[in-house]
Each structure stands twice: as structure tokens, then as C-alpha cells.
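K.L.:
Could you put the whole structure together from the sequences, leaning on the hints where they help?
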Amino acid sequence: QKEVEQDPGPLSVPEGAIVSLNCTYSNSAFQYFMWYRQYSRKGPELLMYTYSSGNKEDGRFTAQVDKSSKYISLFIRDSQPSDSATYLCAFHRGGGADGLTFGKGTHLIIQP
Amino acid sequence: EAQVTQNPRYLITVTGKKLTVTCSQNMNHEYMSWYRQDPGLGLRQIYYSMNVEVTDKGDVPEGYKVSRKEKRNFPLILESPSPNQTSLYFCASSLDRGRSGYTFGSGTRLTVV
Chain A
1 QKEVEQDPGP
11 LSVPEGAIVS
21 LNCTYSNSAF
31 QYFMWYRQYS
41 RKGPELLMYT
51 YSSGNKEDGR
61 FTAQVDKSSK
71 YISLFIRDSQ
81 PSDSATYLCA
91 FHRGGGADGL
101 TFGKGTHLII
111 QP
Chain B
1001 EAQVTQNPRY
1011 LITVTGKKLT
1021 VTCSQNMNHE
1031 YMSWYRQDPG
1041 LGLRQIYYSM
1051 NVEVTDKGDV
1061 PEGYKVSRKE
1071 KRNFPLILES
1081 PSPNQTSLYF
1091 CASSLDRGRS
1101 GYTFGSGTRL
1111 TVV
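Protein chains in written order, with the working numbering: chain A, 1 to 112; chain B, 1001 to 1113.
All the pointers check out, no bait thrown in.
No more than 30 Å apart at the CA atoms, straight line, and that leaves these computed lysine-lysine pairs for DSBU-like:
id, chain 1, residue 1, chain 2, residue 2
1, B, K1057, A, K42
2, B, K1057, A, K70
3, B, K1069, A, K42
4, B, K1057, B, K1017
5, B, K1071, A, K42
Hints were generated in silico from the structure; no laboratory data involved.
Given the structure is predicted, the values throughout are model-derived calculations rather than measurements.
P.N.:
Put into C-alpha cells, the structure is as follows:
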């Protein structure tokens, strides 16, 4: 079983739609959960960061973590063409652990 | 502005010709890391450093070297590049070993012919 699974897409939705992006993971040691956005030819940038199960909202973005199901989601409301990018989930084990484990990314296309 | 700066952005080189990709951060972060990104394989860690003179291998270290002589700089060295090292490379830094996320550089697109 892969440590992190993320559908690569592409996922194409019309402008204004609600987008749902998801990752599943198998490592129970993961304690910190993140979403990165990566535009073409750019470095990933941190969008959302959560520690516990539940929801965290930031503007049009909501991150959701379900530790019992080992499942995280990113919701984008009122999607815009500028949201077109690749979205990467990432995980950290906490404590003295080093580094992040990344999903392979979902390519999202918002059609005007 | 807080940032990680990589140079060069694009590089085409020939097999066997030593090269260095530079990385510098202005956030006083102790932790720095190098990743390569390939289609279908995602981001894979090459090397990381927890502080000056402290470096360790990541998941794909073969063919690469790093050094950390100063806190702000973390160069990636390819002593004898081969075509399978053609990739997109990212340097990243973190305040807390990645626990609250990384700041990434803009990337270096390397082609080895």
C-alpha cells in the first residue's frame, strides 16, 4: 500500500463550481497536514496547514482532516480560472521527524 | 521579502560536466532540503540539512552531493551528471524541519544531454 495516494487528474470544472481535492494516507504517525498549490514552472506554495482532525477555513479554501479514515480534503468554493494549478497534499510525522511526505499532485483546470 | 533563491533557473549541460545549483534563503532557517520533481513520480527528497555542517541523505541521493558551510546557503552539486538526472529541482527551507511547511524556491530546470 502506498503511503500517500492522490488522484493525478486532470480534474476539469467550470468557473464558480465547488472543487473537492482528496488524499488518502496509510501512515498513522502523520500529525501535520498541508496543501500546496503549484503553478506551472513555479515552486509549490503553502496554502493550508492543519494539525488536528476537523475543518480549517481560509477565505475560499477549506481543509478537512479525518484521522480515523486517514483522509484529507481541500475544498475550493467559487472556483476561479486563477485556481488552475497542481495541488499537492503533504504530511509531517511531528516530533523530531524530518521532512515532508508529498502526494503526487492533482492537476486542476477551471474552465472560464 | 522572505524567500528561497535558486540559480540558475534553466541549465542545459553535457554528460559528465560538473555543475552546481545554488540555493540561498533569507529567513534564518536551520532546515534546508533539495527535491527533484519528475512526471508521475512527484517530489522526491535528495538531501537535507538540519544545520550548518549537518547533512543527510534523502530518498534519492545517488549522483548528488551537498554542503552546508553557512546557514543561508545549501548548494547542490552534480559531479558527473547523467541524462537520468534531467529533472526539475527545488530547494526548500523550514523553521521547524517541515512541521509547519516549507518555503520553496522557484526551481531549476536541468537537462543533461
